[in-house]
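Please model the complete structure; the sequences and the hints are all you need to start from.
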Amino acid sequence: LQEQGFDAEIDSYLDSAEYQNRFGEEVVPYLHGWDYNVGQQGLQFSYMLQLARGVGASVRGDLLKNQSRLNPSVHAGEALPVISPNAAGAGFRKVVSDGVARQGVGAGEEGRMFRVEISGFCNYRLHKRSNRVRFIPFNKMLEYQQQIHREGGRIASITPVN
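Heads up: the sequence shown runs through residues -15 to 146, numbered per my numbering.
Keep in mind that a hint or two might mislead.
[Stated by the list, open to error] Listed next, the in silico SDA-like pairs over lysine to any residue satisfying Cα-Cα at most 20 angstroms (straight line): (1) 124 <-> 99; (2) 124 <-> 97; (3) 124 <-> 135; (4) 124 <-> 134; (5) 124 <-> 102; (6) 124 <-> 100; (7) 124 <-> 144; (8) 124 <-> 96; (9) 124 <-> 136; (10) 124 <-> 139; (11) 124 <-> 143; (12) 124 <-> 145; (13) 124 <-> 137; (14) 124 <-> 140; (15) 124 <-> 138; (16) 124 <-> 101; (17) 124 <-> 141; (18) 124 <-> 142; (19) 124 <-> 98.
By construction, these hints were calculated from the structure, which means they are not laboratory data. Predicted, not measured: the structure shown is a model, and the values here were computed from it.
See below:
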């Protein structure tokens, strides 16, 4: 590295037989290695998904900031939950299409309800918990987001309810 520099280091990876066999010259590199071998546990799958969906996969970063995603689970030998990447739900559960939270006034398109999870209130006197959840109609979403940011909170997730 000291003699040939970073370009030579990167070229050594791209020119390796393993890389050429897997991707060649015309394929964009992608995550691989999701198969299981005899005697292998399923923990690695959940660990790989945590890394693949981390800060490197998003321009917005994530809520953990500089905290480790894997250390507590790896040391305990526990699998991490696999969360659906879309905003329609978590844990690959089916999202019910007919909402139960709001069926009355404003249940039209402008009155759709969203579950908003907020974090970052741990230092705020009125909110003793670090996270809280609110159900907000779509037409009040912008107003509520501005209020959250004024109070120093961060939106952890927004999930449609109906």
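Going down the list of hints, with the structure as the test:
1. For the proposed pair residue 124 and residue 99, the alpha carbon gap of about 12 angstroms is at most 20 angstroms, so the pair holds.
2. A threshold of 20 angstroms between alpha carbons decides the hint, and for residue 124 with residue 97 the separation of about 10 angstroms falls inside it, so the pair holds.
3. Among the hinted pairs, residue 124 with residue 135 is consistent with the structure: their alpha-carbon atoms are about 17 angstroms apart, no more than 20 angstroms.
4. For the hint pairing residue 124 with residue 134, the CA-to-CA distance comes to about 16 angstroms; that is within 20 angstroms, so the pair holds.
5. With a C-alpha separation of about 16 angstroms, the suggested pair residue 124 and residue 102 falls inside the 20 angstroms cut-off, and the hint holds.
6. Between residue 124 and residue 100, the direct Cα distance comes to roughly 12 angstroms. Compliance with the 20 angstroms bound is thereby established for this hinted pair.
7. Using a Cα cut-off of 20 angstroms, the hinted pair residue 124 and residue 144 holds, with the two alpha carbons roughly 14 angstroms apart.
8. Taking the CA atoms of residue 124 and residue 96, the gap is about 10 angstroms. The hint holds against a cut of 20 angstroms.
9. Between the alpha carbons of residue 124 and residue 136 the distance comes to roughly 19 angstroms, so the proposed pair stays at or under 20 angstroms and holds.
10. Straight-line distance between C-alpha atoms of residue 124 and residue 139 comes to about 15 angstroms, which keeps the hinted pair within the 20 angstroms bound.
11. Distance check on the hinted pair: residue 124 and residue 143 sit about 15 angstroms apart at the alpha-carbon level, within 20 angstroms; holds.
12. The hinted pair formed by residue 124 and residue 145 meets the criterion: a straight-line CA distance of about 15 angstroms does not exceed 20 angstroms.
13. For the given pair, residue 124 sits about 17 angstroms from residue 137 by alpha-carbon distance, which is consistent with the 20 angstroms threshold.
14. For the suggested pair residue 124 and residue 140, the alpha carbons sit about 18 angstroms apart, so the restraint of at most 20 angstroms is met.
15. Annotation: proposed proximity of residue 124 to residue 138 holds, straight-line Cα distance about 17 angstroms (limit 20 angstroms).
16. Simply put, residue 124 and residue 101 have alpha-carbon atoms about 15 angstroms apart, close enough for the 20 angstroms limit, and the pair holds.
17. This hinted pair checks out: residue 124 and residue 141 have alpha carbons roughly 16 angstroms apart, not beyond 20 angstroms.
18. A threshold of 20 angstroms between alpha carbons decides the hint, and for residue 124 with residue 142 the separation of about 13 angstroms falls inside it, so the pair holds.
19. The suggested pairing of residue 124 with residue 98 holds, with an alpha-carbon distance near 10 angstroms, which does not exceed 20 angstroms.
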